[in-house]
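Visitor: Can you make the complete structure from the sequences, with help from the hints?
Number of protein chains: 2
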Amino acid sequence: MTRKIIIIGAHAAGLDAASAARKTDRTAEITLITKEKKPAYSRCGLPFVLGGHIKTFDDLVVFPERFYKMMKLNLLTETTVTNVDSKAKTVDIHDKSGTKETLSYDRLVISTGADPFLPPIKGREKKGIFVVRTIDDGEKINKALETAKSAVIIGAGLIGLEVAVACLERGLKTIVVEFLPYVLPVLLDKAMADRVQKMLEEKGINIIVGKGAEEFLGTDKVTGVLVAGETIPADVVVVATGVRANVELAKNAGVALGQKGIKTNLRMETNIKDVYAAGDCVESIHLVTRRPTMSQLGTTAVKQAKVAGINAAGGYSTFIGAMGSWITRLFETEIGGTGLTEFMAGRSGIETVSGTIVSKTRADYFPGALPIRIKLIADKETGKLIGAQIIGGEEVTQRVNALSFAIQNEMTIKELAKAETCYAPPVCETWEPMVLAAEMLLRKLR
Amino acid sequence: MTRKIIIIGAHAAGLDAASAARKTDRTAEITLITKEKKPAYSRCGLPFVLGGHIKTFDDLVVFPERFYKMMKLNLLTETTVTNVDSKAKTVDIHDKSGTKETLSYDRLVISTGADPFLPPIKGREKKGIFVVRTIDDGEKINKALETAKSAVIIGAGLIGLEVAVACLERGLKTIVVEFLPYVLPVLLDKAMADRVQKMLEEKGINIIVGKGAEEFLGTDKVTGVLVAGETIPADVVVVATGVRANVELAKNAGVALGQKGIKTNLRMETNIKDVYAAGDCVESIHLVTRRPTMSQLGTTAVKQAKVAGINAAGGYSTFIGAMGSWITRLFETEIGGTGLTEFMAGRSGIETVSGTIVSKTRADYFPGALPIRIKLIADKETGKLIGAQIIGGEEVTQRVNALSFAIQNEMTIKELAKAETCYAPPVCETWEPMVLAAEMLLRKLR
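As you go down the protein sequences, you meet chains P and D in turn.
So in our numbering, spot 331 of the first sequence is number 331, and the numbers just go up one at a time.
Just add 1000 to wherever you are in the second sequence, counting from 1, and you've got our numbering.
Hint data in this document are derived by calculation from the structure and do not stem from the laboratory.
We treat Cβ as the ideally placed atom computed from N, Cα and C, and that holds for glycine.
Treat each hint with caution, since some may be false.
Which stretches of chain P does chain D cover? Using the computed rule of at least three CB atoms under 8 Å from a CB of chain D, they are [said to hold, decoys possible]:
{"#": "1", "segment": "39 to 49"}
{"#": "2", "segment": "292 to 303"}
Chain P side only, calculated, beta carbon under 10 Å to chain D, not exhaustive [stated by the list, open to error]:
{"#": "3", "residue": "Ile285"}
{"#": "4", "residue": "Leu287"}
{"#": "5", "residue": "Ala363"}
{"#": "6", "residue": "Thr397"}
{"#": "7", "residue": "Glu415"}
{"#": "8", "residue": "Leu416"}
Guide: And the structure:
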C-alpha cells in the first residue's frame, strides 16, 4: 500500500525531509504544505540580497518547479494547516481561496519552523518596522531602503549584523542597538565580540550595546527609536531579536514539548507514533553538554530533516545532536565558531580554560596575508576542546569545521597541539594558527 | 653547568629545534651550523619568488639577525660539519676561510635535511640544468629565466608543478615531463591527478606523463631534452624528481638508519644517547599505516624539531608521527590531501573503498561560487577515513586540515557523514562537500 507522508513546512527542513523520504520510498505519496508563496528558498541569503550581493530574491529559490515534478512531490503553497488530529491521522488545511480540506497521512513530519520574536516594545505596530524571515519581509525592507536615509537595527545577532552591513552598503546611516553587553552575545565571548564591534564601527556602523529599544517613535510611520532616553532617528527599523519555534500545531495535536521546542527521539520521532519533527521548531541535544538546546540553524534543520524523512519513509537513521557551528562574513571579515562559548560553558556548569592567539592566514612574506584571531575553550578537568571562536580575513569557515570535527571527536587540547596540518606559503602558515592556539592553551592547562 | 647544544642545520628543523631548546633551557649554549650563507629561509617559497608573487629571495628569510641575538643562538653560516664523534661528543667543522675546529656538545640535534636527487640521466652536468632547493638554486634559475624562452621541468611533483607554473607566468613555453603515469603521483590517485593535468594544460603548460627524460642535449649548455626518442627544445631545465635524506654524517657517527632516513624514538632521539634528529633526514611513523615513512614536509620538520629541541634541552615531548598532509596552489586552483592515496593504501595492504563528489565552495546562488572536488578513501573493513584528496577554487587548505583531524581521530565515514559543519551563503554550501562525500562513500561501504 502506498505510504502517505505529509510534511508541514516546505523550507530547509521540509524539503530535505521530502527529498530523503523520496529517496527512501520511491512510491510514497509525499505532500508538502507551506503558508508561503514560494517554497524552499534560502532565508540565510536574504541579507545578501538586501546588500546587493545577490541580484534578486528569486535567486534564493533553491529548486525549480521541475524538481517537484521529478521528485513527485505534491506541493501546496499558500496553504495553512489549521489542525492536526494525531489519532485520526489527518490534517485540516485551508488554501488561499478559502477552500478547506482534510488530508489523511500515514506519517507526518512537522517542520513548522520559527517566527521572529518581536519584543513588546511600545509602538511596534508602526509602519517602517520590519523583521527578516521571509522573501516577503525581504521585499518590504528592500523597498523601504530605496528611499530611506537611516536605519536602526534592533539586535546584534547574526541576522541583525548581516542586515546592518547591507544597510550601510546601501548608503544608509546605520545604527545597531543590542540589549546585551556585546554583539553576537550568544555566539562570542566579550573580548572577541569587541573586536567585531570595533571592525564594524570602523566601517561606519554605529553600535550601541547594553541598552534596549524603549519605544518606536512616530505617528503612523516610524521616525525614530527611543534608546536609554535618547531619540535615534530612523526611516527604517529592522528587528532581529531572535526567533521562537512554531509549536502551536504540534502542541494542540498532543506532541510533547521541551522548554522551547518539540521533543523528539534520535529518529526525530515525537512522543506520538508516526509523527516526526525537524528544523527550527525542534529541540536538539547539545553535543557538548548533552542537554536540550535550540540550534535553529539551517545546517541543523537539514540534518534533522534528512533523518526525519528517511524514518518517515520506513528507513532507519538517527540524528546525533548539534552544537551550533556557525559562520558569517561581515564586509571582508569572516567570523565563526563552534561548541560552547566560555559564558555558555559557565552557565552549563563547566569550568573552562581559554586562550586566544593572533596569527596570519598565509606565510608572513606572502602578499595578501591577513590577520586571524582564534580563541579556544577547554574543559578544565578533561582538557578537551569544547568551543572555538575565530575572526579572520579568509579561510575561517573550514577552520570552524576542523575544530567542530575536533570537538565531536572529543579531542584534547594536547592532541590538537600535536595535530598534523598542511602548509604552503600562498594559503597558510607553517605553524597552523589552530595548533598554535592549542599550544598556548596547553601551557595554561598544565 | 651550562648545557651545550649543537644543531647541525639551520633551516626549518634546525631553527625550530633551537627555538624550542631556548624556551626549555634559558641558559643553554646553543649553536646552529649551516653550510649555506643564509639560515632559516622558506624553501617552499622559492617557486613563488620565481613566479613573481614574492618580490625577492631575501623576503623568504624568516628571522632577522636580531632574532638570533635575542634568542642567544650562536649561528655559524658557510660552515661545514665534517665529522661527528658521538663517543667524544664532538663535531669537527670547517668554515669558508678553511679554519678547522672541534666543538664539544652535551646534546646534538642532526637536522641535515635532504638534497635534490638527480637521476643518472646522460648530460646532467650541462649548464642550464638546475635543481630547486636553496636560495642559491633559486637565484641561478631566476637569472636563467630572464633570457630563456622555453623550460622543461623534469618531475611533476609539488615543486616541479609549482616551478612549471612560475615558468609559464614568466612567459616561457613550459613543458613538464613525468616518468610515472600521472602528475603528483605520490600525492593523488590518477583520476584526481588527471583533473590537475587538464587544468594545467588548459592554462598552457604542456605535460608529458609516463615517459622519462633520456638525455640532456647540447654541447656546453643544455638545448633540449630527449624524451621517448623525441627532442624537446629547452633553454632551461629544472629537475624536481624528489630529495634524498642527508644521512652520511649521522651514519658515520654510528647513528642507526631506517630504509631511507635516520631512525628515532618518540622523543626524536637516535639510537645514540644525547643525539637527536629532526626534519627531512628523519624517518617518521605513518599515522595510518604505523610503518616508517619519509614525510619530508616543512610541517613535519618543524614539529619533529620542536620535540627534538625540547628533549635536547632537558624537557619532555614526543612526536606522534606524520601522514603527509599537503597543499599547494597552482594558478587559481588549490590542491591538497592527507593520509593515504588509494594506490599507497593498496601497497600498504589496506583494502579501500573510495568515492569522489563535485560540489561548490559557496551557496549556488552566491556570486563567485567555485567548483570543488573531494575524494575520500576509507578502510573497507573498519569504515575509517584513511585518506582524502581535494581540488578546488578556494578553502581547500582548511578542509585538508579538517579531514586530517578526522583521520587522526580515526573517524569513520559514517561519523563524518553525520558531522556538524557551519554554513553561510558567502562562504559555503548548506551541505558541506566533505559531508556529502562521506554520505556518498557510506552508500558504497554498506
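Visitor: Of the numbered hints stated previously, which ones are contradicted by the structure, given in increasing order?
Guide: Hint 3 alone not satisfied by this model.
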